[in-house]
Amino acid sequence: MVTERSEVATVTRPRIHIHGARKSFSERVVVDIDDLILGEHPIEGLIGPNGAGKTTLMRMIMHSTSLDEGKISLLPTGSKDDVPVVLSSMHPHKMAKHGVVKSNQVIMDFEKLTIWDSLLLSLTEARYEQPQRIFSESEVFAEHADEARKYLDLFEFADPFGHAESAGEKKLLDIVRCLLLKPRFLLLDEPTAGLPDELTERVMQVIRDLAATGTAVVIVEHDLNVIWNLSDKVHFMAEGSVILGGDPQEIREHSTVIAKYLGEGHV
Amino acid sequence: MDLEFLKESIVIGLAEHAPLVLAAIGFALLYRLTGLINVAYSETVTLGAYFGMWLNTTFSLNFYTVLVPAGLLAGLVSVGTYFAIFRPAKRRNVGALELIIMSFGLSIFLRHGLQFVFGYPVRFYDVPPPTSIKVLGVGVSSFRLLAVASVAALALALYWFIQRSSFGLQIRALASDEDLARASGIRPLVVTVLIWFIAGVAGGMAGAFYGVGSNVAPLLGWRQFLLILLVVLVGGAKNLGGVIIAGVGTGIALTAMTLQLGQVLYGDLILITAFIIILKVRGRRMAETGKV
Amino acid sequence: MNLDWLDAFLISGLFDIAMVTGLALLLHLQLGLARIANFGVVGFWGLGMYTYGVLYIQVDWTIADPWRFLICAAAGTIVAGLAGLLVGWLIADLDDDGVLVGTLGFATAVFILATTEQDLTGGAIGMGGLRFPFDVGSTKANESLWLLILVLLVAAILFYVARVHRSPYGRLLVALGDNEPLARSLGKATFRVKLGQFALGSAGMGLLGVMFGVMERFLETSNLGINLTLAAIVGLVVGGTARVWGPLVGVLFTVGLFDIVIQSYLPLPRSWYNQAIPVLREMAFGAALIIVLLYRPFGILGDMRRDKLMRRIHGD
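Chains as they are written, first to last, in the working numbering: chain A, 4 to 270; chain B, 20 to 311; chain C, 2 to 317.
Read the hints as simulated data drawn from the structure, not as lab findings.
Treat the hints with care, since some could be wrong.
Result set (DMTMM-like, lysine to aspartate or glutamate): computed pairs, CA atoms no more than 20 Å apart in a straight line [said to hold, decoys possible]:
no., chain 1, residue 1, chain 2, residue 2
1, C, 309, A, 162
2, B, 299, C, 97
3, A, 153, A, 204
4, C, 309, A, 114
5, B, 299, C, 308
6, A, 74, A, 43
Label pairs and their computed distance ranges (CB to CB) [what the hints assert, rightly or not]:
no., chain 1, residue 1, chain 2, residue 2, range
7, C, 75, B, 279, 16 to 24 Å
8, A, 69, C, 66, 51 to 59 Å
9, A, 145, B, 202, 54 to 62 Å
10, B, 191, C, 268, 55 to 63 Å
11, C, 267, B, 202, 14 to 22 Å
12, B, 297, C, 61, 36 to 44 Å
13, B, 110, A, 80, 52 to 60 Å
14, C, 314, B, 191, 51 to 59 Å
15, C, 126, A, 146, 58 to 66 Å
16, C, 75, B, 157, 33 to 41 Å
Built from N, CA and C at the ideal position, the CB exists for glycine as well.
This is chain A alone, in the form it adopts within the complex (with noise of 0.2 Å):
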């Protein structure tokens, strides 16, 4: 565990620092995060009740959420010398190209898209997504089935060339397009649920490579089991602040976690 931790603090990473978020709706107050900086280490875990505006502040982080107040700056290698770039005043879609990536807790797909479209759309470059150019499909392909493969193989898609039709295929899928953006951050808002545990597996061992190789990842998890086992930090949230933060084992045996957590029983 020590040596992992000496090889890991040589990699740079990227930061999220977020600054006096506020968002309410209808008056609610939802999330309510004075100072919290995520991604020191390499894969977080986000926990909470139902309820508790976690995946509302991954929507904040990735500004397709509007904060009321405060500020989410990106820190692009961690370090202090950095000029942040801040994410809550950003277009949504130049999210991706600072490599700040999110799944989807809920389930979002192009219904008119076959797999392979989806996994090609996350992979080509906007110079091919030009209206003249016409004739650059097998161009694309050739450039980027590979990798696609590699994921399409890894996860088991029945029928690449098809619609992804159970809800855990279109879950994986999404995850896949994200993974194909090769994000520097990346949330994943439930990634696993609805999926079969030989498929968690696979996907749990996914989310460690990246991490190994530099990529800050937070996870928001209902399955605790994958939560305990990956993560290097986990946040405890609830009514919207982040409550407590620890590494996995203090969290587990903290009495108001258990509490208002794990006593009442997994939502």
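Given chain A, put chains B and C in place with the hints provided.
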């Protein structure tokens, strides 16, 4: 600012464009309930004009007598379209964009179909020339004054009905969440049919006022549709009060511009441009996508 | 070449079919794929036509045809494209209601301007004085030539649309129309893409308007009503919004049915053609929209089969 110009703009603006406010209220009711733009509403207006003209010329009734029946008939047509088209469409989960296109198809169908019933040529109300009454020193026709009075009365009645009565509460509940409304004992079908009917009546009466003021032609309602739509979208379909204010303001602005520029269409053009810019500026809200 | 069978009505009918097909194809990219509810088709088409016509007649040209024609045609196309850029910018981040109002408002504005500036445009009375750019003989020969040119143009548009379906750009348009927020989260600049698509489509519509101006050699504001937009939408919806061939099939079944079959070949009483048939045409179009969207929303040709397409392109 020239006081005469101001008086004329306000008095003539209100008198001439009162039907616009009435039609906008009807459309706003429907828009709030369904959340969708019903292009065929313009034909409710047109048919109101035709019904009134038909009652007037066939039974030799004066305008004041045919006004309400014309509205009622238009209301029935409105309810008819709900049962024939929009209710089945909702049952089949037709998408929002497709519903707009369907309502467009219905509008076209009615606009041309009515010519097989009422004939192709432009028709006219058979009414004696209205008396001119002076309001604030500006001459207005009695028909137009009646329009303003009716609109004011209806607007107030509807405003009170929707915003204050218990039935209005049911309507607002139904508009925001049908399942919840049903669970609270509200009967969606009754309320929905009532809304379609009232919207039709408002539109039909507006049409009758338009028709008696000039002529009755198949494009009568369609010509006003864009303006009605803009008034409702800009006035804010959330609140009938906003729609009324926007409608009145639009009417006065249109008259003022016509007086100033000497050409009716320029006023239309300026207003269309201004409203679209307002919608664009306000429309930034779309950026908040929420689900991703 | 013996063109006796090609009478004036037939040429006119075929021209309409080709032109509406072209418009429906362009609308397919905007409405069918990217889901932009463009109710202002006639506005861009009309702007192209009027720009062409007004420049051709009102400017004191020293250059002769065909250069005069080419310059005016290019101007018409470009002006329509620029209008598309402006309108597109206004509507690209609005919801369906906003797009409807914005595009309809634009088409209305074009109609208003064409009517009020009658010194320039001839207004409601109309403006003649246009000639065929190259004179190849009789009116019929000229009309046939321009019909051919239009057919080639529309064939090129059809080819382009087919290629778009098979290219990364097409995939992006489908994704955009399907789930825009999701596409944005993948780093796609959806506003810019929609804007570019809209401007390009508008330019194409303008060019088709120019073609109409050449063929008719007469500009009148009565052409700027909603009927043309309706015909394009009906063609697209009936044939199928999702398929490349949808617009052509749809237009053949609607415009083709009325403008050729009923107009030329059905033995109906003469008096019907003046008013009853045109009114019936519009009624039928309206009914077609309702019936198709209720019972067979993907049109005659059915839904897009991207699985078949992808298998065909990339499968082994």
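Hint by hint, here is what the structure shows:
1. C:309 x A:162: Between residue 309 (chain C) and residue 162 (chain A) the Cα gap is close to 12 Å, so the pair holds against 20 Å.
2. B:299 x C:97: holds (13 Å)
3. A:153 x A:204: With a Cα-Cα distance of about 16 Å, the restraint between residue 153 (chain A) and residue 204 (chain A) holds, given a limit of 20 Å.
4. C:309 x A:114: Holds, at about 15 Å.
5. B:299 x C:308: Judged against 20 Å, a Cα distance of about 38 Å means the pair is violated.
6. A:74 x A:43: holds (18 Å)
7. C:75 x B:279: 16 to 24 Å: violated (38 Å)
8. A:69 x C:66: 51 to 59 Å: With Cβ atoms ~57 Å apart, the hint holds.
9. A:145 x B:202: 54 to 62 Å: Holds, at about 57 Å.
10. B:191 x C:268: 55 to 63 Å: Given about 58 Å between the Cβ atoms, the range holds.
11. C:267 x B:202: 14 to 22 Å: violated (56 Å)
12. B:297 x C:61: 36 to 44 Å: Given a distance of about 41 Å, which is inside 36 to 44 Å, the answer is holds.
13. B:110 x A:80: 52 to 60 Å: holds (56 Å)
14. C:314 x B:191: 51 to 59 Å: Given a distance of about 52 Å, which is inside 51 to 59 Å, the answer is holds.
15. C:126 x A:146: 58 to 66 Å: holds (60 Å)
16. C:75 x B:157: 33 to 41 Å: violated (52 Å)
Hints 5, 7, 11 and 16, counting from the list given before, are not met by this structure.
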